[in-house]
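Undergrad: Each protein sequence line maps, in turn, to chains A and B.
For the first sequence, the numbering used here assigns the number 131 to the initial residue and increments by one for each residue that follows.
For the second sequence, the numbering used here assigns the number 4 to the initial residue and increments by one for each residue that follows.
Where hints are given, some of them may not hold.
[As the list claims (entries may be wrong)] Covered by chain A, according to a simulated footprint, are these stretches of chain B (three or more residues, beta-carbon under 8 Å):
no., region
1, 11-20
2, 25-35
3, 42-49
4, 54-65
5, 74-80
Derived by calculation from the structure, the hints in this document are not laboratory data.
No residue lacks a Cβ here, since even glycine has one placed at the ideal position from N, Cα and C.
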Amino acid sequence: MNWGWWVTGFGVIFLFLGSLGMYRMPDVYNRLQAGTKCTTLGAFCTIIGVGIIEPSWFWTTFIIAVFVLLTNPISSHALGRASCISKVKLCKKTKVDQSEGFCREKDEEDDNS
Amino acid sequence: MIATIYIVVIGLGVILCLLRMIKGPTAPDRAVALDTAVTVTVALLVLIGLVLRRRIYLDVSLVYAVLTFIGSVAIARYLEGGIE
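Chain A on its own, in the form it takes in the complex:
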């Protein structure tokens, strides 16, 4: 049995846990963290594992994996910044909110312009 199946199974477990966190977490920001971290590692390991199982496909799968690894944090950062600016509320258990200054500065810029 090829050892690429183990790499693919590791990635599949992380993909399922990321989706479960997307369903269960109470807040947009918690959901964004669970979705982004677990999904990036899971997709990378799954796609590279398929390339190890089928060696003639390796370079194509390598390109897809590197593309996912580069672009998934960028789009998640843009979505998190957008949800902070459009004033989505935090959940009630939040202790520290360091995004308060960022949104208020953005409001002042809007008022001046």
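Given the structure of chain A, go ahead and fit chain B onto it with the hints provided.
TA: Same frame as chain A, but now just chain B:
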């Protein structure tokens, strides 16, 4: 056999993301759920291509990842309040 189990588990993950996309209270919830669902779907397409022995699925998943990256950034710019 093992690949079938993997595909079923990833399909359950896609269904959970779609449930969050239906339930989500605000618009950024739905955008985040869509972004996660698409990344899971790219891995699912590569696994389906492995089971069916068709190499075309790799190209399909690459194009799907590129287009959805552009779409997510565009949705984020829209939620920030317009493109300046």
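Undergrad: Evaluate each hint against the coordinates.
TA: Do the hints match the structure? See the list:
1. With 7 residues having a beta carbon nearer than 8 Å to a beta carbon of chain A, the region 11-20 of chain B meets the requirement of three or more and the stated coverage holds.
2. By the rule of at least three residues with a Cβ nearer than 8 Å to a Cβ of chain A, the coverage given for the region 25-35 of chain B holds, with 6 such residues.
3. Using a Cβ-Cβ cut-off of 8 Å, 5 residues of the region 42-49 of chain B lie near chain A, which meets the minimum of three, so the contact claim holds.
4. Residue count for the region 54-65 of chain B with a Cβ under 8 Å from a Cβ of chain A: 5. That meets the three needed, and the coverage hint holds.
5. Coverage of a stretch by a chain is defined here by at least three residues with a beta carbon nearer than 8 Å to that chain's beta carbons; for the region 74-80 of chain B and chain A the count is 5, and the condition holds.
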